[in-house]
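The listed protein sequences derive, respectively, from chains V and H. So the first sequence is numbered by my numbering: it starts at 39 and just counts up by one. So the second sequence is numbered by my numbering: it starts at 125 and just counts up by one.
Please keep in mind that the hints were generated in silico from the structure rather than gathered at the bench. Glycine included, every Cβ here is placed at the ideal spot set by N, Cα and C. Treat the hints loosely; a few may be bogus.
Think about it this way: if two alpha-carbon atoms lie no more than 30 angstroms apart in a straight line, the pair counts; the simulated DSSO-like pairs of lysine-lysine are [claimed, not checked]:
hint, chain 1, residue 1, chain 2, residue 2
1, V, Lys104, V, Lys159
2, H, Lys311, V, Lys104
3, V, Lys104, H, Lys217
4, V, Lys237, H, Lys217
5, V, Lys58, V, Lys48
6, H, Lys156, V, Lys58
7, H, Lys311, H, Lys216
8, H, Lys311, V, Lys159
9, V, Lys52, H, Lys217
If you want the footprint, here are the derived chain V segments under chain H, 3+ residues with CB under 8 angstroms [said to hold, decoys possible]:
hint, region
10, 63–74
11, 108–114
12, 144–158
13, 174–187
14, 221–229
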Amino acid sequence: MSRLWKEFSKGLWKDLPPFKLVLGLCPVLAVTKTADNGLGMGLAVIFVLTMSNMLVSMIRKLIPTKVRIACFIVVAASLVVCVELLMQAYAYPLYLQLGIFVPLIVVNCIILGRAEAFASKNPVYLAVADGLGMGIGFTISLTFLGSIRELFGYGTLFGTQIMGDWFQPVTFMVEAPGAFVCLGLILAGMNALTNWQRKSKGLEAIEGPVHDCKTCGMCATKPGA
Amino acid sequence: MDYFVLVIAAIFVNNIVLAQYLGNCPFVGTSKESSVAMGMGLAVVFVATLAAVITWCVQKFLLAPNNLGYLQTITFILVIAALVQFVEMFLKKVIPPLYKSLGIFLPLITTNCAVLGIAIICQREEFTLIETILFSIASGVGFLLALVVLASIRERLDLAHVPVSLKGTPLALILAGLMSLAFFAFKGMAS
Numbered sequence: 039m040s041r042l043w044k045e046f047s048k049g050l051w052k053d054l055p056p057f058k059l060v061l062g063l064c065p066v067l068a069v070t071k072t073a074d075n076g077l078g079m080g081l082a083v084i085f086v087l088t089m090s091n092m093l094v095s096m097i098r099k100l101i102p103t104k105v106r107i108a109c110f111i112v113v114a115a116s117l118v119v120c121v122e123l124l125m126q127a128y129a130y131p132l133y134l135q136l137g138i139f140v141p142l143i144v145v146n147c148i149i150l151g152r153a154e155a156f157a158s159k160n161p162v163y164l165a166v167a168d169g170l171g172m173g174i175g176f177t178i179s180l181t182f183l184g185s186i187r188e189l190f191g192y193g194t195l196f197g198t199q200i201m202g203d204w205f206q207p208v209t210f211m212v213e214a215p216g217a218f219v220c221l222g223l224i225l226a227g228m229n230a231l232t233n234w235q236r237k238s239k240g241l242e243a244i245e246g247p248v249h250d251c252k253t254c255g256m257c258a259t260k261p262g263a
Numbered sequence: 125m126d127y128f129v130l131v132i133a134a135i136f137v138n139n140i141v142l143a144q145y146l147g148n149c150p151f152v153g154t155s156k157e158s159s160v161a162m163g164m165g166l167a168v169v170f171v172a173t174l175a176a177v178i179t180w181c182v183q184k185f186l187l188a189p190n191n192l193g194y195l196q197t198i199t200f201i202l203v204i205a206a207l208v209q210f211v212e213m214f215l216k217k218v219i220p221p222l223y224k225s226l227g228i229f230l231p232l233i234t235t236n237c238a239v240l241g242i243a244i245i246c247q248r249e250e251f252t253l254i255e256t257i258l259f260s261i262a263s264g265v266g267f268l269l270a271l272v273v274l275a276s277i278r279e280r281l282d283l284a285h286v287p288v289s290l291k292g293t294p295l296a297l298i299l300a301g302l303m304s305l306a307f308f309a310f311k312g313m314a315s
């Protein structure tokens with residue numbers, strides 16, 4: 039039970055996908071114009087990630103090592119097609135808002151990264167806990183970033199007016215540059231927090247997590263690796 | 125003339141990274157050295173163009189006539205994954221020098237959302253084959269441009285004293301934001 043909780047809760051803070059692991063940046067930047075969109079995207083990712091972790095973990099003993107990445111891609115792509123069809127049926131406005139980023143969930147590094155790093159090596163119940171935790175962490179991060187950008191960019195939150203009449207919307211925040219700068223500052227804030235905690239323990243300050251492509255697991259597709 | 129506008133728009137106005145938020149993981153991940161950035165950028169131009177052309181044909185001759193439009197995502201990603209493997213084997217055998225410079229980037233490209241993104245944009249905009257070729261080359265060049273510029277700036281910043289918490293990814297993202305602001309000036313030039 040404690041193991042289950044550990045795998046679930048690591049996605050919520052310790053390994054928070056976009057801010058701590060620096061994975062899956064495209065949707066983080068692209069769909070966080072408003073908190074609504076961030077939340078919608080997050081929910082779609084929770085579904086795909088949990089299901090793909092579960093399926094990959096179920097068939098982990100059947101997949102030959104050499105073609106495992108191709109198998110993970112097929113699993114993820116099938117789930118993404120399901121999400122696309124479901125969204126077209128039940129959440130069409132959101133589907134239009136998210137646009138090209140719904141099919142692009144399939145190449146989100148988090149999905150393949152978790153399949154490769156966790157689900158293919160662990161039993162089903164742990165893989166599901168890991169997927170759920172990571173997905174919820176991803177959703178919280180997206181909603182958080184979306185709230186900040188929506189609040190300053192439009193003066194609203196989930197579509198409700200928050201700021202008074204005196205407020206001049208900062209259009210910068212809802213355009214592409216604002217997305218990059220906001221995410222950069224949040225990452226810097228996370229690093230500062232880590233360093234502050236380390237300092238209080240008497241440890242030296244360290245550089246933040248380095249984003250490198252190895253975390254996405256795709257390097258493993260190289261023959262011979 | 126229309127083709128010229130299409131190319132300029134894809135490189136500058138709707139730059140694939142800085143305005144459309146595609147391919148951010150390799151954009152941040154491989155921009156530490158300009159030589160690496162150059163290799164990655166060229167590999168993306170190459171694969172994105174091939175992928176866009178092949179997926180265009182698949183959509184036109186296989187999916188559309190058989191009313192299988194909903195299988196677009198799964199088909200495209202499989203085509204791209206197979207294509208990347210094939211390109212890698214082909215380069216290794218036929219053009220070893222090119223394989224040496226691009227080879228290590230090829231596996232990373234399967235999950236590069238820029239490649240799948242370009243293929244899907246071409247379908248959503250209903251481009252013809254010539255437009256698809258031009259658009260995918262131009263988008264790839266836009267990616268290469270953004271990546272090489274960012275890498276050059278980051279190489280210089282290695283020598284600067286910045287707060288330790290900002291070092292690495294946060295600073296790269298803020299830089300990307302400033303570059304995106306500069307590219308913003310092209311908005312309205314072409315749509």
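Each hint, compared with the structure:
1. V/Lys104 - V/Lys159: OK: lysine 104 of chain V and lysine 159 of chain V at ~15 angstroms, within 30 angstroms.
2. H/Lys311 - V/Lys104: 46 angstroms, violated
3. V/Lys104 - H/Lys217: 21 angstroms, holds
4. V/Lys237 - H/Lys217: Status violated; Cα separation ~54 angstroms.
5. V/Lys58 - V/Lys48: Given pair lysine 58 of chain V, lysine 48 of chain V holds - Cα atoms ~11 angstroms apart, limit 30 angstroms.
6. H/Lys156 - V/Lys58: Measuring from Cα to Cα gives roughly 19 angstroms; hence the hint holds.
7. H/Lys311 - H/Lys216: 41 angstroms, violated
8. H/Lys311 - V/Lys159: 48 angstroms, violated
9. V/Lys52 - H/Lys217: 45 angstroms, violated
10. 63–74: It holds, with 4 qualifying residues against the three required.
11. 108–114: holds (count 3)
12. 144–158: Holds: 5 residues of the region 144–158 of chain V have a Cβ under 8 angstroms from chain H.
13. 174–187: violated (count 0)
14. 221–229: holds (count 7)
The structure shown violates the earlier hints numbered 2, 4, 7, 8, 9, 13.
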